[in-house]
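> Residue numbers (the working numbering), protein chains in the order written: chain A, 1 to 337; chain B, 1 to 337; chain C, 1 to 337; chain D, 1 to 337.
It should be emphasised that the hints constitute simulated quantities derived from the structure, not laboratory data. Treat the hints loosely; a few may be bogus.
As the list claims (entries may be wrong) - Keeping only pairs whose Cα atoms sit at most 27 Å apart, straight-line, the calculated DSS-like set for lysine-lysine is:
#1 K111(D) <-> K327(B)
#2 K3(B) <-> K305(C)
#3 K65(D) <-> K111(D)
#4 K44(A) <-> K253(D)
#5 K253(B) <-> K144(B)
#6 K264(A) <-> K44(C)
#7 K330(B) <-> K330(D)
#8 K264(A) <-> K264(D)
#9 K264(D) <-> K332(B)
#10 K44(A) <-> K111(D)
#11 K44(B) <-> K253(A)
#12 K330(A) <-> K317(A)
#13 K3(C) <-> K305(C)
All of these numbers come straight from a predicted model, not from anything done at the bench.
Protein chains: 4
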Amino acid sequence: MRKIKMGIVGLGRLGMEHARNIAFNIPNAELIAVCSALQEEVDKVQAEWGIPYGYLTYEDMIQNKELEAVAIVSPSPLHVQHIKAGLEAGLHVFTDKPLGVTIEECREAEKAVEAHPDQVFMLGFMRRYDPSYAYAKKLIDEGKIGRPYMAKFASLDPEVNVQGAIKFAPTSGGIFIDMAVHDIDLARWFLEGEVEEVYAMGGAFVHPEFAEFGDSDNACAMMRFDNNSMALFHAGRDAAHGYHVETEIIGEKGSLRIAAEPRKNLCTIFDNTGVVNECSQNFQERFAEAYLLEMREFIDCILEKRQPDITVYDGTKDTEVAFAATKSLKEKAIVKL
Amino acid sequence: MRKIKMGIVGLGRLGMEHARNIAFNIPNAELIAVCSALQEEVDKVQAEWGIPYGYLTYEDMIQNKELEAVAIVSPSPLHVQHIKAGLEAGLHVFTDKPLGVTIEECREAEKAVEAHPDQVFMLGFMRRYDPSYAYAKKLIDEGKIGRPYMAKFASLDPEVNVQGAIKFAPTSGGIFIDMAVHDIDLARWFLEGEVEEVYAMGGAFVHPEFAEFGDSDNACAMMRFDNNSMALFHAGRDAAHGYHVETEIIGEKGSLRIAAEPRKNLCTIFDNTGVVNECSQNFQERFAEAYLLEMREFIDCILEKRQPDITVYDGTKDTEVAFAATKSLKEKAIVKL
Amino acid sequence: MRKIKMGIVGLGRLGMEHARNIAFNIPNAELIAVCSALQEEVDKVQAEWGIPYGYLTYEDMIQNKELEAVAIVSPSPLHVQHIKAGLEAGLHVFTDKPLGVTIEECREAEKAVEAHPDQVFMLGFMRRYDPSYAYAKKLIDEGKIGRPYMAKFASLDPEVNVQGAIKFAPTSGGIFIDMAVHDIDLARWFLEGEVEEVYAMGGAFVHPEFAEFGDSDNACAMMRFDNNSMALFHAGRDAAHGYHVETEIIGEKGSLRIAAEPRKNLCTIFDNTGVVNECSQNFQERFAEAYLLEMREFIDCILEKRQPDITVYDGTKDTEVAFAATKSLKEKAIVKL
Amino acid sequence: MRKIKMGIVGLGRLGMEHARNIAFNIPNAELIAVCSALQEEVDKVQAEWGIPYGYLTYEDMIQNKELEAVAIVSPSPLHVQHIKAGLEAGLHVFTDKPLGVTIEECREAEKAVEAHPDQVFMLGFMRRYDPSYAYAKKLIDEGKIGRPYMAKFASLDPEVNVQGAIKFAPTSGGIFIDMAVHDIDLARWFLEGEVEEVYAMGGAFVHPEFAEFGDSDNACAMMRFDNNSMALFHAGRDAAHGYHVETEIIGEKGSLRIAAEPRKNLCTIFDNTGVVNECSQNFQERFAEAYLLEMREFIDCILEKRQPDITVYDGTKDTEVAFAATKSLKEKAIVKL
């Protein structure tokens, strides 16, 4: 069995999730190089997993001639720079979202991808690979609910993690760019249209710290699409019950809901509180399978010499819409795209 | 509009439920007489609701020539005596379950009913009138699940009421006669067969006080029916979460569940406990509509000169099965009927 | 027991629901007069229920000196005229929503109510009396979820009734005035604030007939409130699964959902489709108890000489907001109040 | 990283599930040998996955000196023979359930395991490793529901697979040995007691073919445990909706339910059927993670030189109870252990 030799940059929480999948859970991938600015992170992974190569800079790593592909899980402002260098080094490139932190950066990424049409480029909107979302898409494609004309999204991060989000607020780009961009991508995917007009609203209702950085703890947006459809979004950072991502797609003949109520697992508790379903407190637990399946798709694309459905242009479009929502929220005005 | 003039004996918690329905919620019934051994109960209802006649004995009440029908919600050991006297006085008779506390008593009730074929006699197994059970029966009759060959029952009383049950234990007849008899009636109704063989098991697992009276806080039974079907029963008195009655009917083409998870109302709480559905703590809340609908059926039977589907023989059969289960539990032996 | 003698105008589907509750289900109310422009409706109710007085005009009915109170379920454009005449005739007045069909009319109603401070005036936003909504309000008032800062609403009418809605479209005032006004009232009630700004979007996505009358089959709105809170609304007329009203209130410490998934009753079907919960197809089934409880509150207010929580000013405010949403939708512009 | 070199015997549906986990999803395991009586199965796996060694007999495989451990997924009647030979060859042994097909065989396996105390022996009751069951066990151990005194089980295979079960009926040992043995193991695990007495009932209600082999398509059992607890079991082979394993554990302070309603994934369909959750049709989908986690535990036990919690004695006990239930069902008599 042919194994794709991969390197990864970024060994934070999400980076380790990807690294683990590449190293252990994908038969035809092999993690041969890890890179982080923190020496101890590199040392630890190399020692524990027996990874042959370790690097402190991405530039050093991609010079390793054994490498065939690279996964970019570095800080968002470095994404485009890493994408370009990786492609230029002849590598297949997987990058976690966001594509870039400005529209200009996204355009640069587009050009780099266009310049290397024979290399696989994939953007990590893992929700599209979650079995329940993939199943919903399949049902829609089969006509189960007729033409979808509306979608409703809620993405809620748990209150238990809010301090991390506050710390990250100065550089995150705001709740639409940081969180809702996943739902924006899903909306474009499910509705098969592009956003024409956005109106957004939000506030630091519970944690005023967000307001200091022009960010919100809860925000919502309403979007008109160019194919006679529309979508509602809600992103929040303070869900008392846990991590909660819920989606509804409404079509002419019916509607679909994904994960209407979050659950930690299949164990329900009946006690003097009532009937209780506990919730998970982190997105990795909810989307573990999606993270694995998206990386499998990346490897399969390399082996089968094809490109994944998510393109670099999706990354640009999703970012544009997220910026428009951010602008609308700040200016209290309708934004047209 | 013709109104049936009714009297009621027994003004305890359930008696008041029936009284309220007759007095206020059934257009063509009129509560003209109430009876209780407790003078203050009689006085209170008469004063508050403007009921013309009040009695301290049932014998006195049924001599009231204006009465056309009577509802018996007196203590179980008095049921058969009240049934007989009521029928002999020319009244239509509704009696709450159980029909009687011995099989001999049930046979006496049968004879009394047979001797007055023109008077309506109805036994209060209200669950048959609950909209969800009635709907399940309708689906079965329409062939939705094919022939039903199995049924599973759980009837759980809430722990918050357990002291009342302990106080009642010396005279209740035990958990099968007191509680499971409702499910036994449902089993015979849904499976349309009669019980041939019973094996039961139980214990005072949580509240040893029940054991002092030969009773259990939890018991289960398995029954073979004469038409190639079977049923499982569980009755418990200590549900931490609340009042919980759950039923499953399994057929050749599908199955039905009624009230798989109990809920106080439609409000779900999402807080740091998780996703919580609170439960009701009393059967009146769960079966309020059923109590009303069964009494409406009684009145309709009188007006339309027909007999209800639940017969006096159902009462005898249900009681026989409950006694067989009680015997099986005590003797740790299979009991055949 | 003192019984309030009532009359009702309007014997359509909803009128009959109210009439039935007054006649049969409220101990201290008595329906003595019915009024409809259709002679056969009047005759039928009088004959079947034994109602002494029948009228073809509201003006005739309110001259009946026995009357103490009146319920107005006439066509919406007649509401204010009927309210004024009823109050001037010295009657307590219950009127179904909407208060009026223009803001000017609402102001007239306000003046009429102010001129008769000793008469009870009540507006029929029955959802506030639904046990689950009332329970949610109680939990919020007790601090269960902290300060509520956001609310999300979905009110979906079933596709099976869409032809009726299309027929009604020319005069309904549009989806916000006709349907979402219930949710607007709930939002003001739960969030305890007033709407400052509205942005709405919608379309005749499935049934182009609505577009002919400037109406939508689906519309959504986003509203900013004056107390640092916001709300999202979705109203639709084509739910394939049935009548579906769902509400979420989000607070600092948790959130509440009411009726997240609609269900016809407690019977779940397991068959080769999967696990199926059937839905109800009409609002009367969902809100039967609410209709009864709101009328009980009206009667109790009369007997206890107090005014209900829902005031005439709520009617005006709800209508103003619904008009603002309608304007926003049509003009594709933000509307400030 | 040290990798345990493993072989597997049996490459049927479940064998392939185990093989895939060993080969690809467990970092410190390596699948170096596969064995099946069918040459093409061996060839296929060797070719596709690059497995160095292939065998047609188990006896040949275990002579491979590179092997450290073996997974036995051969037909049940061969289990004990393969266990003994594997242990004698110095290998760590994982075997799928059942331990053996007679009690005598189980005793032989016990002796073999006792004779090789330094080798890991593990029995594949994978449900104990399912995250939801493991979580329930943890909650119980932490005292969340107090002492568990009762458990209720339902294990239903889907109707779509019933022809396979009918074909397997002559040799399966019957529904308790083939299916309910998983629940028997869970009951002993959760209740921490041993079965004293069994009464069982069943029938070929839907598929008379089972009766020809003395088997049932549905059976239930009631069991008394030696520590004042009890359990109810239901196993069925004809669930119209799909694969459905549901468990309830009842304790003094509350109860737990695992998977009360089966679901294929998190996508809910709202269409003119109502609200629909589709179901999975095979156990691999439901227990995929459990199969992986149990094999990980086996490998960890080898590396950490410890024995798993499930012992060879569990296998014997579970089998004894399953045989007792089978005997009870056939003889319509109570069976004591």
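> Against the earlier hints, flag every one the structure doesn't satisfy and list their numbers going up.
Hints 1, 2, 4, 6, 9, 10, 11 not satisfied by this model.
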